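Below, each chain spelled out in residue letters.
Number of protein chains: 2
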Amino acid sequence: MTIILHELVGADPARPFSPHCWKAVMALAHKGLPFERSNVCFTKVPEVEGGVSKTVPVIRDGDQVVSDSFMIAAYLEETYPDRPSLFGGEGGQAMARFVESWTNTVLHGVMRDIAMKGIHDALAPVDQAYFRSSREARVGKTLEQMVEGREAALAALPGTLMPVRVTLKSQPWIGGSSPLFADYIVFGALQWVRLTSNARLLEADDPVKDWFERCLDLYDGLGRSVPQSA
Amino acid sequence: MTIILHELVGADPARPFSPHCWKAVMALAHKGLPFERSNVCFTKVPEVEGGVSKTVPVIRDGDQVVSDSFMIAAYLEETYPDRPSLFGGEGGQAMARFVESWTNTVLHGVMRDIAMKGIHDALAPVDQAYFRSSREARVGKTLEQMVEGREAALAALPGTLMPVRVTLKSQPWIGGSSPLFADYIVFGALQWVRLTSNARLLEADDPVKDWFERCLDLYDGLGRSVPQSA
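If you're matching them up, the sequences are chains A and B in order.
Here the first sequence is numbered in my numbering, starting from 1 and rising by one per residue.
Here the second sequence is numbered in my numbering, starting from 1 and rising by one per residue.
Just chain A, with the same shape it has in the complex (with noise of 0.2 Å):
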């Protein structure tokens, strides 16, 4: 049966462009599972599914309903254990919470203030209000104030991504050999700012460029079906 992923779109469903939304895409078709994705604006995500979830994404798998990006992963790799592992064991599915904790409280962060004027432009007007509100209410900050630190937020990422760097310094992929969930979690972040955003965030020669570009070719070049934002 096909998997049904609401995911946040803005204005423009063809452009899907939350992070922890991206997370549940591509674990999705790391395991190989037909998915349908269901487009929902920021002030319909109460509806979802009646209401489970103040936040997107949320899968229904036949009569399972599971929100939250880590849990859907959880979910996946416990429902669907004979497909490719988004964790590569026990260990891993730990250690995937210490990389979403980085990303969430580090990487996100600094992605925020980059994005964060492309992501409210691109949003209907009515999520537009929704959006500066709920998110000025979480940062502290204005729209404003954040729109403002985005050069220097420009100018950190290099540095704030060394922990990728390093790490691909002694693997291909943070998972390892091959990616896993926690390569989606970090992935989400940039392709966010890709997608909202025409900000030249890596340079050429940045290991983390290239893993990037390869994250985008994965499944078909799912990432990459989706252009950077103009």
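Hints may be right or wrong, so weigh each one.
Since copy identity is lost for identical chains, a pair holds within one copy or between any two.
Said to hold, decoys possible - With a cut-off of at most 27 Å between alpha-carbon atoms, the simulated BS3-like pairs for lysine-lysine come out as follows:
| no. | residue 1 | residue 2 |
| --- | --- | --- |
| 1 | Lys54 | Lys31 |
| 2 | Lys169 | Lys141 |
| 3 | Lys44 | Lys54 |
| 4 | Lys169 | Lys209 |
| 5 | Lys117 | Lys31 |
| 6 | Lys169 | Lys54 |
| 7 | Lys31 | Lys141 |
I should point out that these hints are in silico values taken from the structure, not numbers from a laboratory.
Since the structure is predicted, the reported quantities are computational estimates derived from the model, not experimental observations.
Dock chain B against the given chain A, drawing on the hints supplied.
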């Protein structure tokens, strides 16, 4: 056969402080392998095991000699697969590289500035001269400049540890339900500063403090057996 661990010390051989050597100590204890700690000061490292490595830890296990804390953990995992796993699978081994990369590039930078003076002062004079010149060259600051950064580093530390703190919301150890080598990687950094500084690093109600105390308790209080710097 007892494994020999060559481990860095300063003027007092009873106070080994190297974060990388502590990772090897904890890895050996985790595997339940008998081992003997052999002391070496900075300027004698090039003589260890016939000069196999510029750094310690180095272990000798029968006729096998292995250097570098991560390579030691990987060697122990491969050689003693029937003993408790240090990685919890291939994914865990790969992602432990990410934890290591974050620890070395982010956490150690902060810790170094906090601990620098204490480390220097704990060395014998000949090692002090080596330590100063090698560290000043590596970091690109004078020892005095690093020491000046101490207050700023102490203030930055709680924020720096956020990825660990958030991970501990999902699970009791970085390794999941029980500690793995990834825990010892971060432990090593905190133990390094505990043994070379009397700074109060973590607030009593910080979950990272609770985790660190639990690390100190492991293996009959192995980490706690060396008291905090006065």
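Tested hints:
no. : hint            : result
1   : Lys54 / Lys31   : within (26 Å within a copy, 44 Å between copies)
2   : Lys169 / Lys141 : between (37 Å within a copy, 26 Å between copies)
3   : Lys44 / Lys54   : within (10 Å within a copy, 59 Å between copies)
4   : Lys169 / Lys209 : within (13 Å within a copy, 31 Å between copies)
5   : Lys117 / Lys31  : neither (34 Å within a copy, 51 Å between copies)
6   : Lys169 / Lys54  : between (39 Å within a copy, 20 Å between copies)
7   : Lys31 / Lys141  : neither (39 Å within a copy, 49 Å between copies)
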